[in-house]
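Got chain G; can you put chain A on it based on the hints?
These protein sequence lines are chains G and A, in that order.
Residues 1392 to 1827, numbered by this note's numbering, are exactly what the first sequence covers, in order.
Residues 1392 to 1827, numbered by this note's numbering, are exactly what the second sequence covers, in order.
Misleading hints may appear alongside valid ones.
Some chain G residues near chain A, calculated using beta-carbon distances under 10 Å [stated by the list, open to error]:
hint : residue
1    : 1729
2    : 1791
3    : 1802
4    : 1805
Hint data in this document are derived by calculation from the structure and do not stem from the laboratory.
All C-beta atoms in this analysis are idealised placements derived from N, C-alpha and C, irrespective of residue type, glycine included.
There are 2 protein chains.
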Amino acid sequence: MSYSIRGTILQTPDPGRLEVLRDHVVTVDDAGVITDVGPDIGERATDLVMLSGTVLLPGLIDTHIHAPQWPQLGTGLDLSLQRWLLEYTFPLEARYSDLAFAENVWESMVPALLSRATTTAVYHSSVHEPATLALAETCARYGQRAFVGRVAMDERDVAPEWYRDGDAADAVAASHRSIEAIRAVPGGLVEPIVTPRFIPACTDAALEGLGELARATGVRVQTHCSESDWEHRYVLNRCGRTDTEALSSFGLVTDHTVLAHATHLTGDDRHIIGAAGAGVSHCPLSNAYFANAVFPAKASLECGLRVGLGTDIAGGSEASMLAQCHYAVTASRLLEEGVDAGRTTRRGVADSRLDVPAAFWMATGGGADLLGIPAGLLAPGRVFDAFAVDIGPTSTIGVHGEWDDWDRIFEKIVRRASPSDITTVWVNGRVVSPAG
Amino acid sequence: MSYSIRGTILQTPDPGRLEVLRDHVVTVDDAGVITDVGPDIGERATDLVMLSGTVLLPGLIDTHIHAPQWPQLGTGLDLSLQRWLLEYTFPLEARYSDLAFAENVWESMVPALLSRATTTAVYHSSVHEPATLALAETCARYGQRAFVGRVAMDERDVAPEWYRDGDAADAVAASHRSIEAIRAVPGGLVEPIVTPRFIPACTDAALEGLGELARATGVRVQTHCSESDWEHRYVLNRCGRTDTEALSSFGLVTDHTVLAHATHLTGDDRHIIGAAGAGVSHCPLSNAYFANAVFPAKASLECGLRVGLGTDIAGGSEASMLAQCHYAVTASRLLEEGVDAGRTTRRGVADSRLDVPAAFWMATGGGADLLGIPAGLLAPGRVFDAFAVDIGPTSTIGVHGEWDDWDRIFEKIVRRASPSDITTVWVNGRVVSPAG
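Just chain G, with the same shape it has in the complex:
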């Protein structure tokens, strides 16, 4: 049965603009698709009237998250990427051979993300098929839209023997089985995604096989690309070309491919990514720890690249996508200004600053565009993935009615809202948080 909700909507139809729809009515059909958004002119039947101190925003899309790293969120970030992987991350991910351990983590993580209004998540899982299937099932059960990828990694020089695929054939076969298993999960919210961890952790044979698997199954691809100086140079040395060029040659840069980080792209790389219809998951907080530079988000958006935002749990220590918007703005300012006061000329990169609407757009419409899903905006034909935020006197946002216009309220929500201010979250028209 269709229903309608009346309230004030704050959203970003494009990276440059906040749209305020005061007292509008959103009508949602049986399938969870929005059929109408219009001003409340008294002719629409309204099933739910939002409280006056509450606003409605499109759901947040986390385009890069390592699900098995949830228990280590917030730790180990003083280490180098190599030590972080070998001492923290790989030993933890290896534990997901234990299905009960995995299920316990997913049961805590998925509701925690939904309560932060992450209505869509693009997950790297571990190498384990049962744990990966359990993640997809948990998302389906809690009602989170998700792309779930079994991680493939078979390169013996980088992946330790206690946590890797046996060989390239194993990597491809297990990935194939995982795709089939996830496709059988009911509910229509969860899709598989081909997931070579990154070139350094995969043999050429595995990368070729996974590219062929993506083509044959029509499944999207995600991987890391030119995240750090180390990764970028490793691929140049091994493949004799850039990360993007090499991934492309393996058939792994296709329509809606999610390339995480992409901090060290060349101009040619950007052209390859744009021409393929692929894009970047920008993970601003993680990048401060592991990327050796700030991704030039503004310039990338201006040249038409698809860019979404990601938490990169646990490379970033923060699960909230609203916080990632704040980090994206803050990192863009540091890119523009530079960091070294001892340098008097060319300290930063001019014209790099993002504003809050641009960051929110990356977390909503940008992510939807990157993935090719009809989400990210409350408009007819899009799915009703949304969240309500309490901006009343008991919220932590601190709205001062006489002082704040809608631009300021929006800025306060993005920069200051805590999970306790998010009162309701919907995915595909259904309330998913608080859990019913």
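Chain A only, in chain G's frame:
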């Protein structure tokens, strides 16, 4: 009557080290001073036993906060400092001529800061004496340790005619009256502080008079110093010397003077500050927006400079001092790594990274050292300013018992604790949050 509390303490006796005191008993005397901290060997009477999923940490010291900017927290950060001051900040601060407006803000702000474990705050108030006195009285009533400074600003080229002191004599006389009024506030927790806003907003005559006022009254001084390229160059042009040199010549760099930001210091400036026993309030988030560079916190600590942390509300959008620790670590990584991937050499400043204990030290012991107050560590002779954090299964911190050692738990608390995880806050031995 003295009392004792048993629990596990996490704290940083110096910038390089986390100290874990498992199941220790803290004894506090009538005056709120710690008389003993020792292992629970069964000989100590214990009045309060902390819950097993709770840890105890020293209270947080916010060394730079503009109290009247509380209503604008989280907004306007896309603007330049000049536009931000003239369009957002000064019009808001001017409203504190209305005492009822001021009292309403203080009533919301002080408990909000206490609930985030800010046990000591160093406030810039507005130019208004009644609003400033009301701030001191509100701190005393809620039990927050505070330094409260009436802002002096009389320079007509920078301060607008609708928000400034009449002239230099007015600025000094009003500051003097404000000191006397705050000294008369009972309770012993609140002290006045001489507060020229910054050199650009003050005439030489006012700065001279305020330096003399600080000397005559024995009151500490706070001001901004070399925050941005603009401020640094403005002072060089007007005074023919650096901000630090000029402030020093006015008698405004004295023992325990708080110089906010200090991003663009010279080596000589650091020597002047160190020799005077003054120090820096490092405001890492605000600096990303208004400082044009990252303060070199690690190098400053290593050369013995006193350094505390500040929120710089509302130049930073975040009221939590734990979050500022996280920003200090993150900013230090960007300083070390640099930001511009297009630069292949000398991208950042080597050896600049802070770890989490160093940042927490700045927020506790470093702030106490900067101010010259016996706080910042749970040890005999120090005041019992402290907070308890819930690390149990219902907290947002996400501790995984089998996985996390105390180093990881500490890192998770600093990076991930939300106000709802802070269960109790004490100042001077008295519970101040939740309000009794």
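Is the interface hint for residue 1729 of chain G satisfied, with its Cβ closer than 10 Å to some Cβ of chain A? For residue 1729 of chain G, the interface hint holds, since the closest Cβ of chain A sits about 6 Å away, which is under 10 Å.
Can the hint on residue 1802 of chain G be confirmed by a CB-to-CB distance to chain A that is less than 10 Å? Since chain A brings a Cβ to about 5 Å from residue 1802 of chain G, closer than 10 Å, the hint holds.
Minimum beta-carbon distance criterion (10 Å), residue 1805 of chain G to chain A: At about 8 Å, which falls below the 10 Å cut-off, the nearest Cβ of chain A leaves the hint on residue 1805 of chain G intact, so it holds.
A closest beta-carbon separation below 10 Å is what the hint needs, so does residue 1791 of chain G meet it against chain A? Status holds, d = 4 Å.
Taken one by one, the earlier hints all hold for this structure without exception.
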